[in-house]
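Protein chains: 4
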Amino acid sequence: MNSFGQVFRLTSFGESHGRGIGGVIDGCPAGVEIDLEFIQHELDRRKPGQSKITTQRMESDQVEFLSGIFEGKTQGTPIGFVIWNKDQHSNDYSNLKDVFRPSHADYTYQKKYGSRDHRGGGRSSARETIARVVAGAIAKLLLRQVGISIHAFVYRVGEVELKKSYQELDLSLIDSNIVRCPDAETAERMIARIEEAGRNHDTVGGVIQGVVTGVPVGLGEPVFNKLHADLGHAMLGINAVKGFEYGSGFDGTRLSGSEHNDVFVKTESGIRTKTNHSGGIQGGISNGEDIYFNVAFKPIATLLKEQQTVDKDENETLINPKGRHDPCVLPRAVPIVEAMAALVLADHYLLRKINHL
Amino acid sequence: MNSFGQVFRLTSFGESHGRGIGGVIDGCPAGVEIDLEFIQHELDRRKPGQSKITTQRMESDQVEFLSGIFEGKTQGTPIGFVIWNKDQHSNDYSNLKDVFRPSHADYTYQKKYGSRDHRGGGRSSARETIARVVAGAIAKLLLRQVGISIHAFVYRVGEVELKKSYQELDLSLIDSNIVRCPDAETAERMIARIEEAGRNHDTVGGVIQGVVTGVPVGLGEPVFNKLHADLGHAMLGINAVKGFEYGSGFDGTRLSGSEHNDVFVKTESGIRTKTNHSGGIQGGISNGEDIYFNVAFKPIATLLKEQQTVDKDENETLINPKGRHDPCVLPRAVPIVEAMAALVLADHYLLRKINHL
Amino acid sequence: MNSFGQVFRLTSFGESHGRGIGGVIDGCPAGVEIDLEFIQHELDRRKPGQSKITTQRMESDQVEFLSGIFEGKTQGTPIGFVIWNKDQHSNDYSNLKDVFRPSHADYTYQKKYGSRDHRGGGRSSARETIARVVAGAIAKLLLRQVGISIHAFVYRVGEVELKKSYQELDLSLIDSNIVRCPDAETAERMIARIEEAGRNHDTVGGVIQGVVTGVPVGLGEPVFNKLHADLGHAMLGINAVKGFEYGSGFDGTRLSGSEHNDVFVKTESGIRTKTNHSGGIQGGISNGEDIYFNVAFKPIATLLKEQQTVDKDENETLINPKGRHDPCVLPRAVPIVEAMAALVLADHYLLRKINHL
Amino acid sequence: MNSFGQVFRLTSFGESHGRGIGGVIDGCPAGVEIDLEFIQHELDRRKPGQSKITTQRMESDQVEFLSGIFEGKTQGTPIGFVIWNKDQHSNDYSNLKDVFRPSHADYTYQKKYGSRDHRGGGRSSARETIARVVAGAIAKLLLRQVGISIHAFVYRVGEVELKKSYQELDLSLIDSNIVRCPDAETAERMIARIEEAGRNHDTVGGVIQGVVTGVPVGLGEPVFNKLHADLGHAMLGINAVKGFEYGSGFDGTRLSGSEHNDVFVKTESGIRTKTNHSGGIQGGISNGEDIYFNVAFKPIATLLKEQQTVDKDENETLINPKGRHDPCVLPRAVPIVEAMAALVLADHYLLRKINHL
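Protein chains in written order, with my numbering: chain L, 1 to 357; chain F, 1001 to 1357; chain C, 2001 to 2357; chain V, 3001 to 3357.
Excised from the complex, chain L in its bound form:
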């Protein structure tokens, strides 16, 4: 249950305050060119302390590959890797040993397993997503070799929404600001909104939009592994995610069928659809149009405010965490959304190979 993917498959391990976080990528084909700088760059996009609007907890996350890469290329053998935990102030967490933080996984882990590594969330910590970013970076390198690109950006923070479609944006500008919204004016307002939440010792949620371009026709395995179903599965497995929609999504349910249908047209580049309410996926299979989707993130649960709760012995109590917190997880979640999308696309790119002899 700590594995993701059918043939391009990540198995992840690690707790936030154990020795390290890592994983094994099995099923990566031979011949993918490994660009270590690119992989590190992806990790840097996820790391805490990267800007004034993320947590000031400093983690210098460097991946150490243990296997599967030889002379700069994947070998078709499993790729083991680890990111060592360094900033392990476990003592900071001793006061949380016997108390369940509201809307965290403390209570459910304790009840499910009978015990838990309470330090910093243990296995339930979002620090685990480092493993996904590493695997996703390798998936991106694979996809790059076949012309598929993946982008994600912050689309909404609280009520501050980007009022443009992704076609109106220059996606190369995503990393041009610290909030990772490719529209400078909106980005500024988002940053202000996050800073406000930080000042209030509170948090704010929002939406990330993902866009996949260059997808050939034919990716997706009906009936249960439709491309969008696997994308949704991937996104909903990211910490703090509460919803997923693709193409026209929830709003599209308000249209009539005659408005919503994407009629086919003949173009110089072959058969295309006039509109793309389908979000590049029909019957669970990519149709060659851009894939786009939205991912909803709740405001994360770690607040620097006094809150009511209960302890292990079922007594009511108060907690009042001190220290650093992350007022908005969205900027750092952008590379995680991209990574998970890359894992799904790489998996389905390979699966399509076995649709024919």
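Derived by calculation from the structure, the hints in this document are not laboratory data.
These figures come from a predicted structure and were not determined experimentally.
Heads up, the beta-carbon is just placed ideally off N, CA and C, and yes, glycines get one too.
Keep in mind that a hint or two might mislead.
[Said to hold, decoys possible] For lysine-lysine, the following DSS-like pairs were computed, each having C-alpha atoms within a straight-line distance of at most 27 angstroms: (1) Lys3086/V x Lys2312/C; (2) Lys3312/V x Lys111/L; (3) Lys111/L x Lys47/L; (4) Lys3266/V x Lys3047/V; (5) Lys3047/V x Lys2322/C; (6) Lys2073/C x Lys353/L; (7) Lys3086/V x Lys86/L; (8) Lys3274/V x Lys2097/C; (9) Lys111/L x Lys1353/F; (10) Lys3111/V x Lys2274/C; (11) Lys3274/V x Lys2312/C; (12) Lys322/L x Lys97/L; (13) Lys1353/F x Lys3322/V; (14) Lys1097/F x Lys1322/F; (15) Lys2312/C x Lys2111/C; (16) Lys86/L x Lys3073/V; (17) Lys1312/F x Lys274/L; (18) Lys1266/F x Lys111/L; (19) Lys266/L x Lys1097/F; (20) Lys2111/C x Lys3266/V; (21) Lys3312/V x Lys2266/C; (22) Lys3111/V x Lys2097/C; (23) Lys1322/F x Lys274/L; (24) Lys2111/C x Lys1073/F; (25) Lys1097/F x Lys1312/F; (26) Lys97/L x Lys3073/V; (27) Lys2274/C x Lys3312/V; (28) Lys1274/F x Lys97/L; (29) Lys3266/V x Lys2305/C; (30) Lys305/L x Lys274/L; (31) Lys1312/F x Lys266/L; (32) Lys3274/V x Lys2322/C; (33) Lys1322/F x Lys266/L; (34) Lys1111/F x Lys274/L; (35) Lys1274/F x Lys322/L; (36) Lys2097/C x Lys2266/C; (37) Lys97/L x Lys1322/F.
[Claimed, not checked] Listed next, the stretches of chain V that the computed footprint assigns to chain C, with coverage defined by at least 3 CB atoms under 8 angstroms from CB atoms of chain C: (38) 3110-3120; (39) 3242-3252; (40) 3267-3277.
Fit chains F, C and V to the supplied structure of chain L, relying on the hints for placement.
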């Protein structure tokens, strides 16, 4: 890729105009009491022609069990079953052999596999969901034995929305009207909206809400098989679904963390949360509160209107389907949503057994 | 647990005296040409009553395909099928309801599941292998299109052994006699041995040898899905099988390394090995040489003799079965061994496609 | 394809001369008490250089656990671990870069993946089995808590065979000599036989026998995951294994059914069988009797002798390896056989939990 579930596992087969639709349920434990009337009742809730607001195509869908049940109980052996196709007017579809219907799977199947059974959508037809309803009915019987109940109802049709929370509703009234909305007044308006779409030879989409009660603490397998991630995967695999959200969902992203957190309280029935923005799932694991979620359905693509498209030889053409159509898929999708939720819950109920020696 | 294969995957269902035996083949690529006569021929090779040395119980096993085949070809969609049970003399078995037959699965099924379909062995009956023969026949058709052939033959019955290597035999003669040994003289002695067992109301075991030719280099997925490990897994899953060896097998363990090593030589047809103790597999991967292996079958447990046993209430008792029995399962097991080998080869043929981008 | 097990699942990674060998154990239940000394002891039983009859290459293999264990117990979360490679004399292998060693995996890996880490066999090296010994040790600790014990010992070296059944032996004496045969007199002759092979710069094969005691009735998942089929799969995945048999095995095929059947008897400890030709497994399910099986190991391919071969450019050439070699792999393979058996038993012990509600 036609299998769903980790240990309680449905493998489905069948095309809309082949011999039949069926499946195998593997991993169902021994000792589940089989109530054949209940299973047939679930199928009847899904079948076409059941009311004036669904397609008038008549299918009398009866399941034939082929194995796995003996003297009224499951045996721990695989349960094979088939629902024969009867209303096979394959000739009705010969005009669709060489043309791609907009927003259907005709084009993507043809490109992916190099050929397709064009009759009535073939494998991509929603008729395949019969297999899920059968398996879901058995999952429901299993869950009933351990006190878990699953309900779904139509929450919105186009713009006609049920303005009540599920707690304010009497869920035993879901089947009291043909649209499957447990609020009589809203149901009437929904029916009118669907009839309007039907008169226009058009279709209308909407939202189904699902509610699971009686869930023990501890269901869900982090990090990739979080309970809500598997629920989302299940729902997004249903034909016409464009989005999934659970608990506070997309709207919850507009709250601040201090508003959104569900504080723990001590009650007579043990530890509970004061609010339930978490939708009964924290860290991917059930916390004992009700699970609730929304599923977005697009207006389905089959219209009785002239539409532009292309044919197999990439020539532009027009289609203008005649006959019967389903103006709104939502009433018949209710049992499918319930079935898929039941499959997920049964799977995780069993998986939890191996968290301990 | 009733599924076999990673990507070319059979899920089987059915009990010997239920409605039927069947299965679903998922992951079969589109474009495999279906030869129904060939498939029926394979079933006929397995069916009881085919000759004087097999059980005289008559089963006319005809497969009915329910999906996945259209206009004579596979469609990439799941292939559902069923073989109806006809000769269901369930009453014959009522005397076995409460007693455990020695060396059958009666006792273990009862204890594992708490109940069992006692009629004719239920799920544990070798009748279930019909589903494997159907799926194996389709795998064989797939393999035929890529030049891979699979043969099996009876190598030893009791002490009557074929004293020739497979290279000395004409494998086209396997079906030229009722025992399926391609050496006429040995076949005669084997038939006599089986008839002797039959006269004694007893059974006799032996060994089947399998040979796979035309295998390209590169099939097999180390480290846990080595080609021979998957072959062994497949064979050991057949009823009554007690052992598996490939290449030099158990005997090869008596050689020294310098005798056993297969040195490489350059030939007109590329790199080959001088000897083939490796049985065509090195490091778990096919090397282009013939694959050959042996499968040990115990004398089956159904005897027409009085035997001591216990009943459900743990009282000692005697059983003394009457009627027809199968003195030697080997002739009918030949197509089953071939079918399982075909499933493994087809699976690995497809898996190899994803070793590279 | 580098994962083993259905629910208790090892994913292994690493090449012999990369950074290290490691793995992830997923699905280990919470609450298994971790005895680090025991785990290290198991590694020491496998390590090279442990006695005069194994390779003198020295590896001090110490496992570093990275996750999943907290306060001395498993947490239900994945257990990541690594064993660092230290004795990496990669240069020793540069002469093997372009040549294919006979009966090694050099040729097949090169052809399958298009490249390979040639150093010391890379991924195909038996050094990979360290990961299995670590995971197997944890499985053994789990099984110990439920009363299941696993033993393996050297049964035959070349022609030197132990002429006793396992019941006549004291299995606590397995490690009392360096060849791991619990009969002192036979052990001496085995050691002499191995020393002879070593002096000849040659190698010798043989057979390891495994015995599992304390198994409850009901382990094994028909029809494809019969307990012995999974054991066979596990054993055949070990480097150099050529065959597997359980219970009466190949020899049992020479008996008649009336000799072979294990009749049931009533004893003070419940229902038992008078004989145990079934090897503790009937219908693929454990029946409570001891499980025993044999595993055939070929003489390993690394010789210190001149041998004919071909190189990468398909030219014939000679190799003449120098240095240290392992004349007989059997003594060190004993803990590997035990480890793989433990993985299978732990997996099935957990799987049985979901046979019932």
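Original post:
Holds or violated: are the alpha carbons of Lys1097/F and Lys1322/F at most 27 angstroms from each other?
Top reply: Holds, at about 15 angstroms.
Subject >> 8 angstroms C-beta criterion, at least three residues: is the stretch 3267-3277 of chain V covered by chain C >> reply: Coverage by chain C holds here, the residue count being 5 at a Cβ distance below 8 angstroms.
**OP:** Take the C-alpha atoms of Lys2111/C and Lys3266/V, compute the straight-line distance between them, and say whether it is at most 27 angstroms.
**Re:** holds (15 angstroms)
Subject >> Lys1274/F paired with Lys322/L [C-alpha distance capped at 27 angstroms] >> reply: holds (24 angstroms)
**OP:** Assess, step by step, whether the Cα of Lys2312/C is no farther than 27 angstroms from the Cα of Lys2111/C, and give holds or violated.
**Re:** Roughly 10 angstroms separates the two Cα atoms, so the pair holds.
Original post:
For the pair supplied as a hint, Lys1322/F and Lys274/L, is the alpha-carbon distance within the 27 angstroms limit?
Top reply: With Cα atoms ~24 angstroms apart, Lys1322/F and Lys274/L stay inside 27 angstroms; holds.
**OP:** Would you check the hint for Lys3266/V and Lys2305/C, treating anything up to 27 angstroms between C-alpha atoms as holding?
**Re:** Cα-Cα ~20 angstroms, so holds.
**OP:** Sort out whether Lys274/L lies within 27 angstroms of Lys305/L, counting only the CA atoms.
**Re:** Since the Cα atoms of Lys305/L and Lys274/L sit roughly 51 angstroms apart, the hinted pair is violated (cutoff 27 angstroms).
Subject >> Restraint check for Lys97/L with Lys1322/F, where alpha carbons must lie at most 27 angstroms apart >> reply: Not satisfied, since the Cα-Cα distance of roughly 67 angstroms exceeds 27 angstroms.
Original post:
Holds or violated: Lys2073/C with Lys353/L, Cα cutoff 27 angstroms?
Top reply: Roughly 18 angstroms between the alpha carbons, so the hint for Lys2073/C and Lys353/L holds.
Original post:
Is it true that the CA of Lys266/L sits at most 27 angstroms from the CA of Lys1097/F?
Top reply: Holds, at about 19 angstroms.
Subject >> 27 angstroms Cα cutoff - pair Lys1353/F, Lys3322/V >> reply: violated (54 angstroms)
Violated hints, listed in ascending order, are 1, 2, 3, 4, 5, 13, 22, 30, 36 and 37; each of the other numbered hints is respected by the structure.
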